[in-house]
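S.K.: Line order of the protein sequences matches chains A and B. Heads up: take any position in the first sequence, counting from 1, add 1, and you land on our numbering. Heads up: take any position in the second sequence, counting from 1, add 882, and you land on our numbering.
Hints listed in this document are in silico derivations from the structure and should not be mistaken for laboratory results. Quick caveat: nothing in here was measured; it's all calculated off a predicted structure. For every residue, glycine included, the Cβ atom is placed at its ideal position computed from N, Cα and C. It is possible that part of the hints are untrue.
To be verified - Below, a list of computed lysine-lysine pairs in the PhoX-like style, where the Cα atoms sit at most 25 angstroms apart:
#, chain 1, residue 1, chain 2, residue 2
1, A, Lys15, A, Lys71
2, B, Lys934, A, Lys71
3, B, Lys981, A, Lys58
4, A, Lys72, B, Lys981
5, A, Lys84, B, Lys981
6, B, Lys934, B, Lys885
7, B, Lys934, A, Lys58
8, A, Lys72, A, Lys58
9, B, Lys981, B, Lys934
10, A, Lys15, A, Lys72
11, A, Lys58, A, Lys71
12, A, Lys10, A, Lys58
13, A, Lys10, A, Lys71
14, A, Lys58, A, Lys84
15, B, Lys951, B, Lys981
What the hints assert, rightly or not - Away from chain A, derived, C-beta distances all over 12 angstroms, residues of chain B:
#, residue
16, Glu913
17, Lys951
18, Arg963
19, Lys981
20, Val992
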Amino acid sequence: DGGITQSPKYLFRKEGQNVTLSCEQNLNHDAMYWYRQDPGQGLRLIYYSQIVNDFQKGDIAEGYSVSREKKESFPLTVTSAQKNPTAFYLCASSNWPGELFFGEGSRLTVL
Amino acid sequence: DAKTTQPTSMDCAEGRAANLPCNHSTISGNEYVYWYRQIHSQGPQYIIHGLKNNETNEMASLIITEDRKSSTLILPHATLRDTAVYYCIVKAGGTSYGKLTFGQGTILTVHP
Chain A
2 DGGITQSPKY LFRKEGQNVT LSCEQNLNHD AMYWYRQDPG QGLRLIYYSQ
52 IVNDFQKGDI AEGYSVSREK KESFPLTVTS AQKNPTAFYL CASSNWPGEL
102 FFGEGSRLTV L
Chain B
883 DAKTTQPTSM DCAEGRAANL PCNHSTISGN EYVYWYRQIH SQGPQYIIHG
933 LKNNETNEMA SLIITEDRKS STLILPHATL RDTAVYYCIV KAGGTSYGKL
983 TFGQGTILTV HP
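Bound-form chain A, shown alone (with noise of 0.2 angstroms):
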């Protein structure tokens, strides 16, 4: 079946270690996306990639980076720069500008 998958589900990390989200697509979509999102709130945009090699930053991307090698993967590290970085993470991609497919999200906890 076609579609997203963002690992790990659940994630634990002590201040100061850096921590990779990855985020896989085989919709063969152009466009990918991270968001960021804390408990009652809306989405945040964090960074956004419409092809390889390039990506753009979102509303909220200092403390993070990312990297488009591949059409189909997208991975988001969290650095120690992020000082609040306990969060829900979630990845998407898309075909068209509106048309966003998310994946099941990450949930992420720094002890």
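For this one, chain A is given, so just place chain B on it according to the hints.
M.R.: Frame of chain A; chain B shown alone:
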């Protein structure tokens, strides 16, 4: 992209139609109206979108006023599984992907 205003929460009885309103009074001519929903602890799910005409698919209907300043998402026969946060989003069309801004949305609770 134009800003949207939605009620914070709404209730609906199971089996009845759920009508979710959205105001987007500053919408531009090339901006589409999109609706998504998010069931607790899951990723958002695309529902429907439209530009000027009313749209219907297997999930819902979208009614856009003639002046395009507001719209209504209609779930014709709501079920308990439709309980979710519903987001109304306005986004320019064309080939620019850009960002899709998710606000607070409307919490729809469907009661037995």
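S.K.: Where does the structure disagree with the numbered hints, that is, which hint numbers, in rising order?
M.R.: 1, 2, 7, 10, 16 and 19
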